[in-house]
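Participant: Using the hints, position chain B against chain L.
2 protein chains.
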Amino acid sequence: MNQHLEAINKTMELFERYSHAVRIMQYDMETICPKEGMEAQGEDIAFFSNEAFKLLKDETFMAEVEAAYKEMDDSWNEFDRAFIRDMYRGQLKSSKITPEMNLEFARTTQKAFADWSRAKEAADFGMFQESLAKVAEKDCKVAALRSEIPELKRDTPYDYMLDDYEEGMTAADLDRIFGECKERLVPLLQRIQASDKKIRTDFLSRKVTEAQQKELAYKVLNYMNYDLNRGAMTTSEHPFTSEMAVDDVRITTHYYDDAFASSLYSVVHEGGHGLFELNAPRENWEHHLANKTMGQHESVSRFYENMIGRSEAFCDVVYDMVAECMPQVVEGVSKKEFYEAINTVTPSLIRTESDEFTYTFHIIIRYEIEKEIMNNGLDVAEVPALWKKKYEEYLGVTPDNDKVGCLQDMHWTEGFGYFPTYALGNMYNAMYYNRMKKEVDIDAAIKSGSLADINAWMCEHVWKKADRQTPKEWITEITGRELTSKDFLDYIEEKYTKIYNL
Amino acid sequence: MNQHLEAINKTMELFERYSHAVRIMQYDMETICPKEGMEAQGEDIAFFSNEAFKLLKDETFMAEVEAAYKEMDDSWNEFDRAFIRDMYRGQLKSSKITPEMNLEFARTTQKAFADWSRAKEAADFGMFQESLAKVAEKDCKVAALRSEIPELKRDTPYDYMLDDYEEGMTAADLDRIFGECKERLVPLLQRIQASDKKIRTDFLSRKVTEAQQKELAYKVLNYMNYDLNRGAMTTSEHPFTSEMAVDDVRITTHYYDDAFASSLYSVVHEGGHGLFELNAPRENWEHHLANKTMGQHESVSRFYENMIGRSEAFCDVVYDMVAECMPQVVEGVSKKEFYEAINTVTPSLIRTESDEFTYTFHIIIRYEIEKEIMNNGLDVAEVPALWKKKYEEYLGVTPDNDKVGCLQDMHWTEGFGYFPTYALGNMYNAMYYNRMKKEVDIDAAIKSGSLADINAWMCEHVWKKADRQTPKEWITEITGRELTSKDFLDYIEEKYTKIYNL
Chain L
63 MNQHLEAINK TMELFERYSH AVRIMQYDME TICPKEGMEA QGEDIAFFSN
113 EAFKLLKDET FMAEVEAAYK EMDDSWNEFD RAFIRDMYRG QLKSSKITPE
163 MNLEFARTTQ KAFADWSRAK EAADFGMFQE SLAKVAEKDC KVAALRSEIP
213 ELKRDTPYDY MLDDYEEGMT AADLDRIFGE CKERLVPLLQ RIQASDKKIR
263 TDFLSRKVTE AQQKELAYKV LNYMNYDLNR GAMTTSEHPF TSEMAVDDVR
313 ITTHYYDDAF ASSLYSVVHE GGHGLFELNA PRENWEHHLA NKTMGQHESV
363 SRFYENMIGR SEAFCDVVYD MVAECMPQVV EGVSKKEFYE AINTVTPSLI
413 RTESDEFTYT FHIIIRYEIE KEIMNNGLDV AEVPALWKKK YEEYLGVTPD
463 NDKVGCLQDM HWTEGFGYFP TYALGNMYNA MYYNRMKKEV DIDAAIKSGS
513 LADINAWMCE HVWKKADRQT PKEWITEITG RELTSKDFLD YIEEKYTKIY
563 NL
Chain B
63 MNQHLEAINK TMELFERYSH AVRIMQYDME TICPKEGMEA QGEDIAFFSN
113 EAFKLLKDET FMAEVEAAYK EMDDSWNEFD RAFIRDMYRG QLKSSKITPE
163 MNLEFARTTQ KAFADWSRAK EAADFGMFQE SLAKVAEKDC KVAALRSEIP
213 ELKRDTPYDY MLDDYEEGMT AADLDRIFGE CKERLVPLLQ RIQASDKKIR
263 TDFLSRKVTE AQQKELAYKV LNYMNYDLNR GAMTTSEHPF TSEMAVDDVR
313 ITTHYYDDAF ASSLYSVVHE GGHGLFELNA PRENWEHHLA NKTMGQHESV
363 SRFYENMIGR SEAFCDVVYD MVAECMPQVV EGVSKKEFYE AINTVTPSLI
413 RTESDEFTYT FHIIIRYEIE KEIMNNGLDV AEVPALWKKK YEEYLGVTPD
463 NDKVGCLQDM HWTEGFGYFP TYALGNMYNA MYYNRMKKEV DIDAAIKSGS
513 LADINAWMCE HVWKKADRQT PKEWITEITG RELTSKDFLD YIEEKYTKIY
563 NL
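For the protein sequence lines, the chains are L and B, in the order given.
In our numbering, each number is its position in the first sequence, counted from 1, plus 62.
In our numbering, each number is its position in the second sequence, counted from 1, plus 62.
FYI, nobody ran anything at the bench for these hints, they're computed from the structure.
Certain hints may be false.
Any copy, or any two copies together, can satisfy a pair, since identical chains are not distinguished.
[Said to hold, decoys possible] With a Cα cut of at most 20 Å, we get these calculated DMTMM-like pairs of lysine to aspartate or glutamate: (1) 72 to 105; (2) 281 to 210; (3) 97 to 305; (4) 548 to 242; (5) 276 to 319; (6) 97 to 289; (7) 97 to 309; (8) 269 to 319; (9) 72 to 113; (10) 97 to 192; (11) 560 to 522; (12) 158 to 210.
Isolated chain L (complex conformation) (with noise of 0.2 Å):
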C-alpha cells in the first residue's frame, strides 16, 4: 500500500473511535439524557469533536492527504480514490479558515442555536435576528475565503454553500430547475384546489396508543427487510437517522396519539435512509469512505416515504397492518379512502407536516431567500415580512406568528444551502424511478409480502457507488441522464390528477 495513504488509514481508524463516542453521545441525547445532563455531556462531545478534528487539521496529516493526492494513479482502488480526493478537497475548502474563524464561527451557530430555541418558543424573531445575522455574515466570509482558491471558483457566494451539501450544484441549476417547479405546479394546485372531489381525512386524527403505533412501525420495519439486528429504533422528538458503524444503523421515530400517520411516514422515510446505509459496500467503511450528497440520501428516503410508501399498493399493505393493530383506525374506512387521505392535498404551513404535493413549494420559499441574502445582501430583518408575502404568493395561507413561520425550522442556525436537497432528492428518485418501472413491477414487488425485490434493485443501481461518485456523475450513471425536474413534475402531475379526478 502507498506509505501515505497507510498513515492516512492510521490516523483515520483513530478518528473513528472518536468519531464514534460522540456519535453514540449525540445519539443519547437526544433520545434518553435527561434535561439537566444535557450541559456536561454537551461539553464532553464539544471535547471529543475537536479531539477528532484536530487529527484531521494536523500538519503532518494534512501534509500526507496533499501528497497522497498527488501520487494517486489509475493503480489505485475507486474507494482509495474516492476517499483521498474527498479528504483533499475538505482540506482544500477549509485551507483559509484559520482555528481562530473556526471558533467564532462555532460559537456563533452554537448562539443562534441557543436564540433560535427561545425565539421559536416566544414566537419572536427579533430574538434570533441578530444572531442570523451573524450566521449570514459567516456563509459569505466562508465563501469570500473559498473564492480565492482557483480549484474551487463557484460563481455566486450562495454557490459555496450549496456546494457542501450537494457537489457541484449552482443557484443557476436551481434557479431553472424551480422555476420549470414553479410553472408547473402553481397552475396544478389551482386546479386542485378548483377540484370538487371531496376526500375524507376524518379518521387520521383517531385516538391511538403508543403500543399500537410501536407495533405497527416494527411491522413496517420488518416489511421493509430492515435488519434489526444490526439496526435499533426509539423516540426523539425529531425522528433522524444515525450511523453509528457499519453494523449498527438506527432509527428513531415519534408518536402522536391523534396522528398515526405521522410516525408511520417518519418509520418509513427514515428506514430509507437507514436501508441506504446498511446496504452500502462494506467496503465504504474499511476506507473510511462516506461521502453521501444529501441530495441522494434525502432522494432514498422520500422515495420510500413517497414513491413507494405514498403509493396505493403500499396503502393497501400498510391498510392490513393498520387494521391488525390499531383496528379503530380503519374501522369503516374503505382502502381507497385510506389510500386517498394519505395523499390529499392541503396548503399548510409547517413543512415538515405538509404532503408530498406541496412540499416542494415549502423548499422553494426558504431557497428564495437564502439565496437573496446571501447573493443580493437581502437584510435578514426582512425574511419574515418576505416568508409572508411568499407563503401567500404559492401556498395562499399566512401564518399567524413567526413560530409557524420563518422560525419553523433550525436548519439556519448551521446556516445555508441545505433546504434544495430535500427538493432535489424528488427530482433524483423521479428519476430512477422511471428507470425502476421498466425493470421491476413495483407494485407487485409491494404486495409480495416484503420490499425485498425494490431493496436489491436499489442496492445494484442506486446505493452501491453513491459515496463513490459526484451527484452528478450518479445520477447519470444510473439513468443515462442529466438531473431534470421533468420526471418529477410528471410522476406528481399524473397521481394527483388521478386523485383529484381533474
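Facilitator: Frame of chain L; chain B shown alone:
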C-alpha cells in the same frame, strides 16, 4: 490549592471525560445497541477505558498522588482528603501488578465471561470450569502480591478481595455474621414451612401489557421523588443503575407480561440506588470523589426495595396505583392479600427472583463456596456438587442443572468477594432503619403521597458522608454501633412471625 492536587485535578478532569464516554457507550450497549454492532462498540469501549486507565497509571501522575498523600493535613477539606486517600490506596493496591499481568487478567475475565455465557446457555459447568480456575488463580495471585505491602496486610487471601468491595471487611467478620444468620433463620424457615397459613399468589402472574407496567413504573418513580429532569428510565435485560454525571443518573428495568412485580421491585430497587447518587453532595463531583462501597449501595437499594417497598404501608399505596394502571391484577384481591403475596416465603433456586427472607441463604451459599476456593484451595471442579449440597441443606431445593445452579450469576467471571455486599446491605439498612423509626413516623411518611420525608432523612444521615467515610466509620456514625446482624434478624423475625401467624 496544593500544587500536587492541582495537577491531579487536571488529569482527573480528562479522566472524567473518558469515563463519561465509556459509561454512555456501555449504557448504550446494554439498552439499545443492535446485536451485530456490539463487537465494534465493545472494542471502542475498551479503547477509551484504556485511555482513561493510562492517565491514572502515568508515572508522573502517580508520583503526584503519592506526594499529595504525604503532604495532606487537616487544613485540607474533607473531600480532597477522602479523594487523595482513596487514590493513594488504589495505587498501592495495584503497585505490584505489572501492565503485562493487568493485560493477562483482563484476558482471563473476558474469556471467563464468554465461556460462562456459553456454559450457562448449555447448562454445562464443564464449559466454564477451566476459566473459573483461572479466575481463582488470578484472585489468589492478586492477594499474594498485596500481602507483600505492609499497609494492605490482611489475615486470609479472601480478605483482599472483600476489601475491594467493602473496605475493612474480613472473612472472620462474615463467618460470625452469617453464623448468626443461620442460627436464627434456619429454624425460622422451618417454622414458616410448617405453618398452615395459606397465602394466595395467583394474581401475581396475571397478564399485563408493557404499557401498563411502564405507567406503573413512572408512577412509582414519581412517588419516590425521583427527579426525571436529572435521570431517565429505560429497559435492559438485567436492571441496573448508571451514574453518568452529577445531573444524570439513570435506571433500567425489564417487563415480563406475567410478572408485574418483577419490574415494579426492580424500579424500587434501582430507584434506591439512583436516589443515593442523585442526593449525594455536589462537592463529591467537584472533588472527583466517588467512593461508595457496594455494601453501602446495596443497603440503600434494598432499604427502598424491602424495608420501605415491601412494608404494609407501601403495599397499600402501590395497590392503589396497580388498581389504576392494571386493574385486572387486583380484581377480587384485597390489600391484605396483596401485601402477603408480595412477602410470601418460597425457597427457590434463583437468587434474583428470591423473596426477602430466603435471599440471605443465596448469599451465604455463594460466600461459603468462594471463601472455600480462595482460603482452602477447593478445586473448582467441586463447585456444582457443593452448590447442590448447600441448596438442599439450607433451602431444601435441588437444582436440576447448572443453569439454575452455580451458573446463574455472572459475578464469578470477574472474581470473588462481591456477593457478601448484598447481605451486608441488609445488615446496615436494618440498623439505620431502627434509628429512623425513632425519628420519623415511617408509615405516615409512606402514606403522605411521596417519599420526600424518608429521602430527606436518608440524605441527612445515610447519604451525605458515604463517600468520605469507610463503611465502619459510616455505620458507626449513623447508628452509634458497629456492624451487627441483630437488627436485621430481629426485623425479619418480627415481620414473618406476623405474616405467618407463628
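Participant: Taking the hints in turn, state whether each one holds.
Facilitator: Outcome of the hint check:
In this assembly of identical chains, the alpha carbons of residue 72 and residue 105 lie at most 20 Å apart only when taken from different copies (16 Å versus 27 Å within one copy). With identical chains, the CA atoms of residue 281 and residue 210 are never at most 20 Å apart, being 53 Å at best within one copy and 62 Å at best between copies. Taking the closest pair of Cα atoms, residue 97 and residue 305 come within 20 Å of each other only across two copies (15 Å); inside a single copy the shortest separation is 24 Å, beyond that limit. When the C-alpha separation of residue 548 and residue 242 is checked against a cutoff of 20 Å, the pair qualifies only within one copy, where the shortest distance is 8 Å, while the shortest distance between copies is 87 Å.
In the homo-oligomer, the alpha carbons of residue 276 and residue 319 lie at most 20 Å apart both inside one protomer (12 Å) and across protomers (17 Å), since each shortest distance falls under that limit. Taking identical chains as interchangeable, the C-alpha atoms of residue 97 and residue 289 lie at most 20 Å apart only when they sit on different chains, with a minimum of 10 Å there against 31 Å within one chain. In this assembly of identical chains, residue 97 and residue 309 lie within 20 Å of each other by CA distance solely across copies; the values are 9 Å between and 30 Å within a copy. In this homomeric assembly, residue 269 and residue 319 come within 20 Å of each other (Cα to Cα) only inside a single copy, at 5 Å, whereas the closest approach across copies is 24 Å.
Taking the shortest Cα distances, residue 72 and residue 113 sit within 20 Å of each other both inside one copy (15 Å) and across copies (17 Å). For the identical chains of this complex, residue 97 and residue 192 are neighbours neither inside a copy (27 Å) nor across copies (47 Å), given an alpha-carbon limit of 20 Å. When the C-alpha separation of residue 560 and residue 522 is checked against a cutoff of 20 Å, the pair qualifies neither within a copy, at 32 Å, nor between copies, at 72 Å. Taking the shortest alpha-carbon separations for residue 158 and residue 210, only the intra-copy value of 9 Å comes in at or below 20 Å, while the best inter-copy value is 60 Å.
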